[in-house]
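Between the sequences and the hints, there should be enough to build the whole structure, so can you do that?
Protein chains: 2
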Amino acid sequence: MRIVLDASGGDYAPQATVAGAVAAARASGDQIILVGKEDEIRAELARHDTSGLDLPVVHAPDIIEMTEHPAQAIRRKPHSSVVVGLRLVREGAADAFVSTGHSGATMAGALFILGRIKGIERPCLATRFPTATGWTLLVDAGATTDCKPSYLVQFAQMGAVYARQAMQVANPRVGLLANGEEANKGDKLVQETHALLAEHQGVNFVGNVEPKDMLVNNAADVVVADGFVGNLALKFSEAVVKLLTTALGDNLRKRALPRTVAGLAPLVLTAALPGKGRARALLAGLAGAALPLTVVLPALLDIKRRMDYRVYGGAPLLGVNGVAIVAHGKSDALAVQNAIAQAHRAVEERLVATISNMVEIVDFVPSA
Amino acid sequence: MRIVLDASGGDYAPQATVAGAVAAARASGDQIILVGKEDEIRAELARHDTSGLDLPVVHAPDIIEMTEHPAQAIRRKPHSSVVVGLRLVREGAADAFVSTGHSGATMAGALFILGRIKGIERPCLATRFPTATGWTLLVDAGATTDCKPSYLVQFAQMGAVYARQAMQVANPRVGLLANGEEANKGDKLVQETHALLAEHQGVNFVGNVEPKDMLVNNAADVVVADGFVGNLALKFSEAVVKLLTTALGDNLRKRALPRTVAGLAPLVLTAALPGKGRARALLAGLAGAALPLTVVLPALLDIKRRMDYRVYGGAPLLGVNGVAIVAHGKSDALAVQNAIAQAHRAVEERLVATISNMVEIVDFVPSA
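Going down the list, the protein sequences come from chains A and B.
Each residue of the first sequence is one higher than the last, beginning at 5 in the numbering used here.
Each residue of the second sequence is one higher than the last, beginning at 5 in the numbering used here.
Careful, some of the hints might be misleading.
As the list makes no split between identical chains, a pair holds if one copy fits it or if it spans any two.
Only pairs whose alpha carbons sit at most 25 Å apart, straight line, appear in this in silico DMTMM-like list of lysine to aspartate or glutamate [unchecked claim]:
| hint | residue 1 | residue 2 |
| --- | --- | --- |
| 1 | 280 | 185 |
| 2 | 280 | 66 |
| 3 | 246 | 44 |
| 4 | 122 | 185 |
| 5 | 216 | 306 |
| 6 | 192 | 242 |
| 7 | 189 | 69 |
| 8 | 192 | 352 |
| 9 | 308 | 150 |
| 10 | 258 | 53 |
It should be emphasised that the hints constitute simulated quantities derived from the structure, not laboratory data.
Below is the structure:
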């Protein structure tokens with residue numbers, strides 16, 4: 005299999021991208037085509053053992069900056085790594101495209117260069133969202149805003165295909181993101197989509213899901229939303245985690261000293277006052293102080309890791325005529341490797357063909 | 005001042021509502037009119053010392069259930085506490101209305117019975133949202149969905165008035181909730197509203213705010229959103245807090261035992277082995293174990309309290325022709341008292357007249 009990696013995209017390129025590509029090529033035997041600034045990529049490759057690996061480099065001198073408008077950048081920069089890489093897929097020289105660069109540009113490029121699967125109205129980005137018991141697949145996480153109900157029905161169908169194929173969920177439960185369970189909750193888009201999905205046989209629709217149902221009660225395997233709403237939901241979740249950790253840090257910093265002094269008092273009284281066994285008591289006190297940290301700290305770290313997008317690799321753009329994986333800009337080498345593995349699975353499972361067949365089989369609701 | 009309280013609404017009525025009313029009457033000397041099931045309210049009042057307090061009871065036999073459709077319930081139940089209470093305000097027999105009952109019904113009732121302030125297109129619910137450094141005022145938190153840009157401009161203006169008057173922010177910074185700072189981010193509604201607010205002199209517009217800017221970086225005093233989006237944001241924040249605490253609890257439950265055993269080992273080694281000073285070392289060990297808890301636990305509890313909506317009282321419905329405060333269904337007596345105090349301030353500061361004057365002064369953008 006031949007997978008294109010945008011080696012110059014992302015916050016830690018080319019170090020993380022090249023290291024991820026080397027690891028992926030070693031693990032799978034795939035050809036990983038590195039697109040980007042050739043000098044930099046070759047210099048980085050030289051730092052790895054690449055013997056026996058198939059890692060061709062394709063030069064693409066331009067970089068799309070984070071401040072650029074996605075669609076304009078794609079048109080203005082034909083020699084950017086995103087455009088050059090996606091063209092390799094369109095021309096049949098590669099099977100999939102992975103980027104940790106400008107996600108808007110990757111999505112716009114995939115839509116313009118690969119085109120849509122026949123019958124699909126708009127693409128959607130499918131992102132794994134951590135929940136209390138595992139994960140749920142959010143579609144759309146930010147590819148298409150100002151959706152019509154018919155778009156959301158297709159997002160539901162494509163999300164179900166991906167959950168079934170790539171994530172091994174036998175009969176994925178599809179929920180519609182809303183601010184209440186009742187069918188009359190949400191805005192007009194949600195209400196109309198609810199009515200369509202309720203009568204639609206193509207997906208296992210479980211009704212509206214509230215944020216609490218989605219994150220805590222594991223109510224759905226696939227959660228459908230407009231791209232603006234889905235993207236905001238993603239960013240709200242990240243922000244609340246950040247808020248809580250910041251608030252905890254601030255609180256500890258401000259009040260740790262008086263509290264530590266107060267907490268030390270009984271320890272000092274029992275361990276440091278003159279008498280026999282002082283050294284032993286002091287040691288026991290320290291061992292005691294370590295005890296709650298042994299229990300609580302790993303629990304906090306476990307959760308931090310679970311909320312970390314990087315272990316999830318990337319998000320496939322569903323509905324375009326090819327495999328395109330959008331990975332986080334802060335992806336490290338492991339995340340890049342995971343994203344490449346995700347692309348490998350999508351090609352192997354014939355994701356595009358399955359979505360295309362689904363369009364022919366399911367009786368689609370026309371746009372409102 | 006005369007403030008109507010829906011004494012039969014909310015999860016903890018009539019205990020919490022009556023207790024909150026008694027405390028509010030005692031603190032302010034206001035007349036608090038208790039509307040709801042008379043027998044129950046009088047029985048509850050008998051449990052308090054009400055000497056010298058002005059606490060009339062107005063009988064309203066019907067309750068609007070949480071499962072009922074707001075607008076339909078208002079039409080079908082003219083003898084409900086919400087309808088009877090709001091009528092007292094409309095007829096001039098009271099100055100403000102406070103409810104911890106069905107929030108949708110309270111909003112629908114306030115809109116139908118009090119009507120809109122002349123010139124205001126739609127009302128909005130203004131909710132305090134906890135942030136890393138304090139709070140921000142979210143408008144709209146769920147009163148109006150499927151907004152037009154002109155509605156959001158009015159939400160911005162009304163939110164700024166409330167922040168200035170009731171919350172003592174001299175020149176409130178108004179931000180527009182979006183998934184990116186750039187003016188081209190968001191859906192069409194956000195983009196068009198951004199353009200209107202950018203040229204509008206009535207408010208101190210600071211541009212788009214991302215969730216991170218809003219919650220962590222204290223980027224705006226007032227944050228403007230469509231009611232569906234704002235309500236979802238509120239519920240996402242609550243859900244993420246719940247997710248993190250649930251995940252922490254699960255993790256501790258599953259792994260606490262082996263970790264405690266592992267953590268106990270050094271303590272046992274130093275304190276419990278035979279030799280002199282065992283009792284003292286054991287005491288020191290226990291004192292040591294309490295030390296991190298003394299520092300970390302209060303910090304966790306502080307944050308939990310800051311994220312607790314109850315201390316914030318209630319949310320005013322801005323744009324209706326009267327003071328109406330929507331308080332949380334889980335409000336305890338303190339939260340009810342706070343919501344009544346909020347109503348008192350809004351009347352005192354002449355909130356409705358100020359919004360009404362603003363409509364006359366500011367050159368409004370017509371609906372798109």
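Quick rundown of the hints versus the structure:
1. In the homo-oligomer, the alpha carbons of residue 280 and residue 185 never lie at most 25 Å apart, since the shortest distance is 66 Å inside one protomer and 65 Å across protomers.
2. Taking the closest pair of Cα atoms, residue 280 and residue 66 never come within 25 Å of each other, the shortest separation being 74 Å inside a single copy and 74 Å across copies.
3. Proximity of residue 246 and residue 44 under a CA criterion of 25 Å is satisfied in neither setting, with 34 Å inside one chain copy and 45 Å between copies.
4. Proximity of residue 122 and residue 185 under a CA criterion of 25 Å is satisfied in neither setting, with 34 Å inside one chain copy and 34 Å between copies.
5. In the homo-oligomer, the alpha carbons of residue 216 and residue 306 lie at most 25 Å apart both inside one protomer (21 Å) and across protomers (23 Å), since each shortest distance falls under that limit.
6. In this homomeric assembly, residue 192 and residue 242 come within 25 Å of each other (Cα to Cα) only across copies, at 24 Å, whereas the closest approach inside a single copy is 27 Å.
7. Taking identical chains as interchangeable, the C-alpha atoms of residue 189 and residue 69 lie at most 25 Å apart only when they sit on different chains, with a minimum of 16 Å there against 40 Å within one chain.
8. When the C-alpha separation of residue 192 and residue 352 is checked against a cutoff of 25 Å, the pair qualifies neither within a copy, at 39 Å, nor between copies, at 38 Å.
9. Proximity of residue 308 to residue 150 under the C-alpha cut-off of 25 Å is found in neither arrangement, the shortest distances being 33 Å within a copy and 36 Å between copies.
10. For the identical chains of this complex, residue 258 and residue 53 are neighbours neither inside a copy (49 Å) nor across copies (42 Å), given an alpha-carbon limit of 25 Å.
In this structure, the hints that do not hold are numbers 1, 2, 3, 4, 8, 9, 10, in rising order.
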